[in-house]
Amino acid sequence: ELVGGRMSETGDGNRVGQSGEMLGVREYRGGDRLRNVHWIHTARTGTLTVCERGAPQQQVVDVVLDVANELTGDPQRREFLREAFARRVRVAASLAIALHGHHVPIRIVVGNQPTAISGSNAGRRKLLTMLAEVPADGIDRATIATASAFRPSRDRMTLSVTGDSAGYVEVQVERGGQGFNASSVSLGSLSIVIAPETALNAQLSRFWRDVCHVRSIA
Numbered sequence: 101e102l103v104g105g106r107m108s109e110t111g112d113g114n115r116v117g118q119s120g121e122m123l124g125v126r127e128y129r130g131g132d133r134l135r136n137v138h139w140i141h142t143a144r145t146g147t148l149t150v151c152e153r154g155a156p157q158q159q160v161v162d163v164v165l166d167v168a169n170e171l172t173g174d175p176q177r178r179e180f181l182r183e184a185f186a187r188r189v190r191v192a193a194s195l196a197i198a199l200h201g202h203h204v205p206i207r208i209v210v211g212n213q214p215t216a217i218s219g220s221n222a223g224r225r226k227l228l229t230m231l232a233e234v235p236a237d238g239i240d241r242a243t244i245a246t247a248s249a250f251r252p253s254r255d256r257m258t259l260s261v262t263g264d265s266a267g268y269v270e271v272q273v274e275r276g277g278q279g280f281n282a283s284s285v286s287l288g289s290l291s292i293v294i295a296p297e298t299a300l301n302a303q304l305s306r307f308w309r310d311v312c313h314v315r316s317i318a
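Residue numbers (my numbering): 101 to 318.
Simulated from the structure, these hints should not be mistaken for lab results. Certain hints may be false.
[Said to hold, decoys possible] Quick list of simulated restraints, FRET-style, between CB atoms: (1) Val293 with Gln213: 20 to 28 Å; (2) Phe180 with Asp255: 34 to 42 Å; (3) Gly146 with Gly223: 47 to 55 Å; (4) Glu183 with Gly124: 36 to 44 Å; (5) Tyr128 with Arg224: 37 to 45 Å; (6) Tyr128 with Leu300: 48 to 56 Å; (7) Val293 with Arg182: 14 to 22 Å; (8) Arg225 with Leu300: 30 to 38 Å; (9) Asp255 with Arg225: 23 to 31 Å; (10) Thr142 with Ala222: 43 to 51 Å.
Please read all numbers here as calculations on a predicted model, not as lab measurements. We treat Cβ as the ideally placed atom computed from N, Cα and C, and that holds for glycine.
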């Protein structure tokens, strides 16, 4: 289950607050809500006591779109590569929009440039605009190789969307934070490879459920 929807719920671990699972009890302080008073404990001890609660905080998720692509002068080959690249962009957009719709804080990384996306409608428009402005043919792999590569952070989850010259789209999940060493998840469990002839809808629906599962335990 994806949890949290405010900036105060971003990060690792639990944040003490007015909602979530009960962490313990403590003496009443000015400003505490009466609904949080633990009346049984108060009656037992003679001291006004409240329940202290906390909910898991969210990590920021990086959605990384690999824009490197093969460039060719052959018209037929170019059309195939362009369609394959468009599928790659659609996969990245689908995952990013789904996370955004679940109020998960995200960054979109196009090539090697990360951009934070707000949880508002303006953030959603910014996300879609960035992806729409990606060149239709991608960027020459030789050019990408000379640029500084984006390095996933150890304190957040990363979804990397890549592809190859045969038209396959690959999504890899990398987890970090809460004491985990960042570790790539093996293909076939929490990653998928989408063949050129495979429809995207069913594959993305299944993969989104897997991402939700990883997100809840990361």
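Each hint, compared with the structure:
For Val293 paired with Gln213, a C-beta distance near 26 Å keeps the hint of 20 to 28 Å intact. Distance hint for Phe180 and Asp255: a CB-CB separation of about 39 Å, consistent with the stated range 34 to 42 Å. A hinted range of 47 to 55 Å holds for the C-beta pair Gly146 and Gly223, which are about 50 Å apart. Between Glu183 and Gly124 the C-beta distance comes to about 57 Å, which lies outside the given range of 36 to 44 Å.
At about 42 Å, the beta-carbon gap between Tyr128 and Arg224 stays in the expected band of 37 to 45 Å. The given range of 48 to 56 Å is respected by Tyr128 and Leu300, whose C-beta atoms sit roughly 54 Å from each other. In this structure the hint that Val293 and Arg182 lie 14 to 22 Å apart at CB holds, the actual value being about 20 Å. Between Arg225 and Leu300 the Cβ separation comes to about 22 Å, which falls outside the hinted range of 30 to 38 Å.
Distance hint for Asp255 and Arg225: a CB-CB separation of about 28 Å, consistent with the stated range 23 to 31 Å. The hinted window of 43 to 51 Å between Thr142 and Ala222 holds, with their beta carbons roughly 46 Å apart.
Figure legend: structure checked against the earlier numbered hints; hints not met, in rising order: 4 and 8.
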